[in-house]
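Chains A and D, in that order, give the protein sequences.
Mapping of the first sequence onto my numbering: position 217 corresponds to residue 217, and the numbering continues sequentially without gaps.
In my numbering, each number is its position in the second sequence, counted from 1, plus 313.
Derived from the structure by calculation, the hints contain no laboratory data.
Heads up, the beta-carbon is just placed ideally off N, CA and C, and yes, glycines get one too.
A few of these clues could be false.
[As the list claims (entries may be wrong)] Stretch-level coverage of chain A by chain D, calculated; a stretch enters the list once three of its residues show a Cβ under 8 Å from a Cβ in chain D: (1) 49-63; (2) 69-75; (3) 90-97; (4) 105-118.
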Amino acid sequence: MAQPVVEIENLVKRYKELVALDHLNLRIEEGEIFGLLGPNGSGKTTTISCILALLSFDKGSVKVFGKEIEPDSYDLKRNIGVVLQNVAVFEELTVYENIDYFCGLYIKDKATRKQYVEEAIRFVGLEDYRKFLPKKLSGGLLRRLNIACGIAHKPKLIIMDEPTVAVDPQSRNKILEGIKQLNAQGATIIYTSHYMEEVEQICTQIAIVDKGRKIAEGTKEELKLMIKMGEKIHLDVLDITPEQIEEIRRLEHVYQVTYEDNQLQISCNRGKHNLVRILAYMQEHDIGFGRVYSELPTLNDVFLEITGKELRD
Amino acid sequence: MFFRLFKYNLLRSIRMKEILFWSLIFPIGLGTFFQVTFGHYMEKEEIFTEIPVAYVEEEDADASFGELLDTMEEGDDALIAVTDTSMDDAKQLLEEKEVSGIYYNSGEEVTLYVKEEGIKPSILQAVLQEYEQTKQTITTIAGVNPMIVEQAVQAAGQSVDMIVDEKYTRADMDQFVNYFYALLAMTSLYGCFLGVNCAVDIKADQSAIGARRIIASSSRFVGILADVSASLLIQFVCSIVGFVYLKYILGVRFGSRIPQLLLVLLIASFIGVASGFFIGSIGKRSRDSKTGIVVAFTMLECFLSGLMVGNMYHIVQEHCPIINKINPAALIVDALYSLDIYDDYTRYTENLVILFGIAVLLCIGSFLAVRRERYASL
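So that you can see chain A by itself, here it is in the shape it has in the complex (with noise of 0.2 Å):
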């Protein structure tokens, strides 16, 4: 079996009274795009620091490389890169001297250095923005320098803490496209995100963590069997009474309709024939409806139904 290139173990944190890890195993193979969902407050920032070696914890071990990582493991960290939640770049340095900087943390030799310095450029697409200073960025160049700043010294692993937070969807797909890049070009890429639809739309292995703990892991294929919905079934319908939807509900494969807006959504198990099944319910009972379409399971659904749907912080 090949070396994880991050292996966690048994992982607790604490924070005083506050289980922050409660003990949590990750275990992230070489070449994977490795999405770690979870709420707010789940542990997900915080799983993601223990990697780093940023932050003490109570319990467990984390190899990266195969090897426990310390404060001062630089040869673990020249190969790891990481681009934080919130953007990390000197407001009085330019683009090309922002990324200069940081991928000068390192990368010593000065040719080597200029040459990934115009890759990382290229690669986000700031080739006319080399002198600007980061104020005059816009939200989703701004990310971008943030991207390339964590990624150009060519590292092998990459943290990626909710990179597209707060960026327009030409640049959130200009950095789905690039992450998927990096990954082709050899990097293992861990990745948090609120957005489920970018999960599912790059990661090809996902943990979700709740309460410090790993509630379910696996493809997205394997998520969505664990749960209960096979698939969601939505009418537009003008007029319905209570007791047809709580009739609707006690259909077979049903477990819960919800009419809203006009809108019936039938939320079903896994079984067959199921939409067949409901329309022919609206025609016996001459229940007129406009557009029909059904849904298979979202990453979405998956989280919402794991995680429980209840406010977090």
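Using the hints provided, position chain D relative to the given structure of chain A.
Chain D alone, transformed into the frame defined by chain A:
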């Protein structure tokens, strides 16, 4: 690695408008304000440095005292301005405050008449005492060994010159220069802004940049050293520019020992950066909060050293002298003051050693605070 980080820190500091404002523009503005406010007083003091005195000499009196006064009246840096006159006219001049005193040479002795106490009458008294002591010494030598009288007279002449010079230096000091010393102290201590940035930018629990730097594969110590060195250089240059402006544009008299004065500014800049670095290193308050704290500390230090109230240094010295021994601004002011006042460097050196010692202690404390391997929370 060091020089690249050093270069980038320099670039960043130069581009920080707030740093340039506090370390350069503000002190220059305040210095200009001081000059506008105190300038005419300082000029007035300068006119009075030549102490007007009337000299009345009887016909058969010893001329040596009159010759001494003539000597002291010569040159650009004359201590006194003598008016040879009669006793009645001299009294009139004294009454009208045209002169600060009257030397009356009766032939048997020289007597000083003054109307009121003060620095100028005291200096006139000191001149007379020195003359009489010297005269007495030479008379004694003549009685014991007449062969060396001539040598004694020459030595006495040199002695008088030396004492006169020293008195002149003291007289030249005025309380207004203290304001400018305190201003230079404040300028250098504003290195604290740069020091706070050095600390916050290397702490993962203070800034995202700190986190990004700490997780990199480079030595934290080298990064700190580069940042602090660059900050020190920037602050030192700002202090020099401020000094040049005060001395050569505004014409403030800082004495002639420029290299020694620049050394004070260098160490003062060091302690400024070190203070900011220390306060930036401890606790988890925001960058702005820490900047506010260092500004408050610096202003308090400068207030106690006399930036706002000219004689505050002496008030503190009278009531709680230990504060002047540990207050960086007071030590800087005293180092600059002692350069002008004393011929030897004892007090100057003592001040610099204490300043340097405090700065080193602050640096050690800061380094212990930021060297933390892992954080308990971020």
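Problem - chain D over the stretch 69-75 of chain A, status - at least 3 residues with CB closer than 8 Å - result: holds (count 5)
Problem - Annotated coverage of the stretch 90-97 of chain A by chain D, confirmed only when three residues or more have a Cβ within 8 Å - result: holds (count 4)
Exercise for the section: Test coverage of the stretch 105-118 of chain A by chain D using CB-CB distances below 8 Å; three residues minimum. Expected result: holds (count 3)
Practice task
Mind taking a look at whether chain D covers the stretch 49-63 of chain A? Criterion is 3 or more residues with CB to CB distance under 8 Å.
Solution key: holds (count 6)
The structure shown violates none of the earlier numbered hints.
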